[in-house]
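Chemist: Protein chains in written order, with the numbering used here: chain Y, 1 to 233; chain X, 1 to 331.
Hints are computed from structural coordinates only; laboratory data are not their basis. Please note: incorrect hints may appear among the correct ones.
[Stated by the list, open to error] One-sided and incomplete, this derived list gives chain X residues near chain Y with beta-carbon spacing under 7 Å: (1) L137; (2) G238; (3) T269.
Glycine residues also receive a C-beta, built at the ideal position from the N, C-alpha and C atoms.
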Amino acid sequence: MSATIAVSGNAALRVSSTLADREAGWRLVHHLARFIDDARVPGIACVIPTYDAALIEIDPVEASLERVRSYVESVLERIDVGRPLTETPRLFDVPVLYDLDGELDLAMIAEAQGLRPTEIVRLHSEPTYVVRCLGAPGGSPMLDGPAFPAPVPRLSSPRASVPQGVVSVAGRQATITPAAAPGGWPLIGRTPLVLLDLDAEPFVPYEPGDLIRFHAIERDEYDALLGTRMVAA
Amino acid sequence: MSAGFLTVIEAGSTQVTDLGRTRGPRYGVPVGGALDQRSARIANILTGNPDGAPLLEIMAMDVEFVADTDILIALAGAEASLLVGGTRRPNEQPVSVRAGETIEIRRIAGGLRAYLAIRGSLDVPRLLGSCAPDSVLGFGGRLIAGQRIPLRRATPPIVNEHFGAELYRLNVPPRPDATTVDATDGPDIADFANTAARLYGEPYVVSPTSNHIGLRMTGVLPERQVQGEVLSRGVPVGAVEVPPGTELLVLHRGRGVTAGYPVLAVVTTASLDVLAQARPGQTLRFRRVSEAYASERARAERAALDALRLRVQSVFTALDAFPTSFGRTLS
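Just chain X, same shape as in the assembly:
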């Protein structure tokens, strides 16, 4: 028995996802999941959900939903206008929505993907422990107008309508610089000899054919200097390859887990979130960093999210202390 339903009015290009299918790669299935992992975690944290709870990944296009029960939502990721019942509400804050009020996300800009989490999350099918769509397996997929997604929990509007905006500041850590992509040297960099340095010296422009499998980029390409067949082997998410043709390929979370191309470089875990927000036509530059630096940065980012989770928990604990009528009388 679900707590209610979220109905899709305008679907845009949206799917239900989570942090990915970590049991997949062992069986030849990509990990998938939210391309901007950090923003997906933030949206879930702001609603008090576990980081890996199912949520909506909204790509570039306007969307509109309505729930038949009171819910608490949070929007993170790309900049966008969040409208609840036609009124502008803040991003990166918990926002109460009453039954029947429309939730609109419009003008996604300064990025490509926004993440909408709902307190209690969504009741959706899972495969190998994850709801992340897999286009190859034919699991999950884009939402369509009229679709009803079961909600796992209703949340009465426990605070006034300025929830989040005036009572406190949650201080969501800012998004990193959106034009610099950190990468470490790949295990096969020697195959590219002195042309490898081009990766870190030249600008690259994101192609429109980019997707969750990988980003394609045009620019002055490094060239493989050795010939010969490479046996298929596991390729990491973030692998930078130079396949035949005129584009650089940076594999993302939807990548086929095995391939036979040499790995020139590997984008850091933190910069994969930057790539998730890169729009076609955007110019990016790669910056060479060490694995130690990249891991340190990953730990620092996660620590910032841990701190955010603690702040959200204390706010929710404090608000739960109020009688629920408190919010209702104020608003």
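Okay, chain Y solo, but in the shape it has when bound:
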């Protein structure tokens, strides 16, 4: 079996990949989510695919956990984990005003990693990231973390409100915040781009499988770009 299925309350199942290949596991849970979405199974409320897991929420009155479990098992057997999620991923270039003025948490992150802040910026803006999933808050693009020596600890006391456009890292993950919300992830900079568009569905321009690159900008460039909509290159 390519995944384990754990009951998560009387209205949800958590499907976790057991594949050794992380990329394959990620494709597995996203193919699963897309298949179930397209099938419009009565009683399945929604599927939330992430890095290596998918949460399947059901209406316990309309569906039973046992039936949904055996359905999911049968779908899992048919998924080709070698198939790419997106034939032609789009690339988003994201300018970032990195926190070299000590306004956010970059200095703290650098110290914890035993690196200079400029090294942190270099490591963060080097890779091309794959959007692994849309997460909280507001459809954040959830990415793999940069190649830092160690996982980044979350803040001991979360901020009551993190503004939109903030670029953050935690553990072995990275993201951009599309909408202001409370948050416990350390912040390393901010983008002038606007991610959220409530007139569009979904509200954010990227989807899992798309690509994101960060590049450093200066304050004047940030000011000039402030409010620009995030679009694919």
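Once you have looked at the hints, place chain X on chain Y.
Modeler: Same frame as chain Y, but now just chain X:
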């Protein structure tokens, strides 16, 4: 063209909502919607609306409205005094309101959230198919005094002013015990080893910082026994977590859909309605149940609401048979 307007005189802490945005979580947006789903359904059912019609969620504080057309309303959820034109009217019954009569809801007690449905519902903007407010997206929000909400339908007072009180009994199923919260073991309960049992043995007191995102509670906390980073993943509504700090966190419908904390337990769908009515300072106890029991209870509760819907439909059908002047001459 709307049928009229409901004007807010005293807003309290009120929002227009529905049963939630089920298409949201797929896109990283919480499902949201009425925290006490059962009471919201009851209010809508009593007015002959679909269960998921937009209605008002009124939290703790007094409110007052007036409509410029005749309407039919029903109040469900927390205990409260419903006054129409200054006269006390029953909760959990359809109540006719004439144009210009004030609708007051006062002294919300024995719970935190009351639900006011209006026959025909309200004409409000939707996002991904739902009018439920989302504070993160900046969609919807609290009503303010003076605001006018378009009504989708006027309902003439088709019965006498004792509507509901004397002609028949609708027998709304009673609210469940408000101090016991049923939960099933979570997928990560092993992370808490033998400290997990504390959840079911200790009392927990609801903190004032609780909201639609989650309830925070103080008490003897279970402790995570394993270290290590958890990748963000979908967390179910009802997830019981122990974040750093001194409080237990029970996620509710406004929760961020992904998080990296282990899930110790999950509150049952039926008990989420109990949590929606829990007031700060209240003491709650968790009771360990099986998923099968929880699902059975969810089905039984929905069956009771289905039966209520049938009774309401037959009453409305019977009343529609009367000439509308019947009610007017009597009242």
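Chemist: Each of the hints needs a verdict: does it hold here or not?
Modeler: Hints versus structure:
no. : hint : verdict
1   : L137 : holds (6 Å)
2   : G238 : holds (5 Å)
3   : T269 : holds (5 Å)
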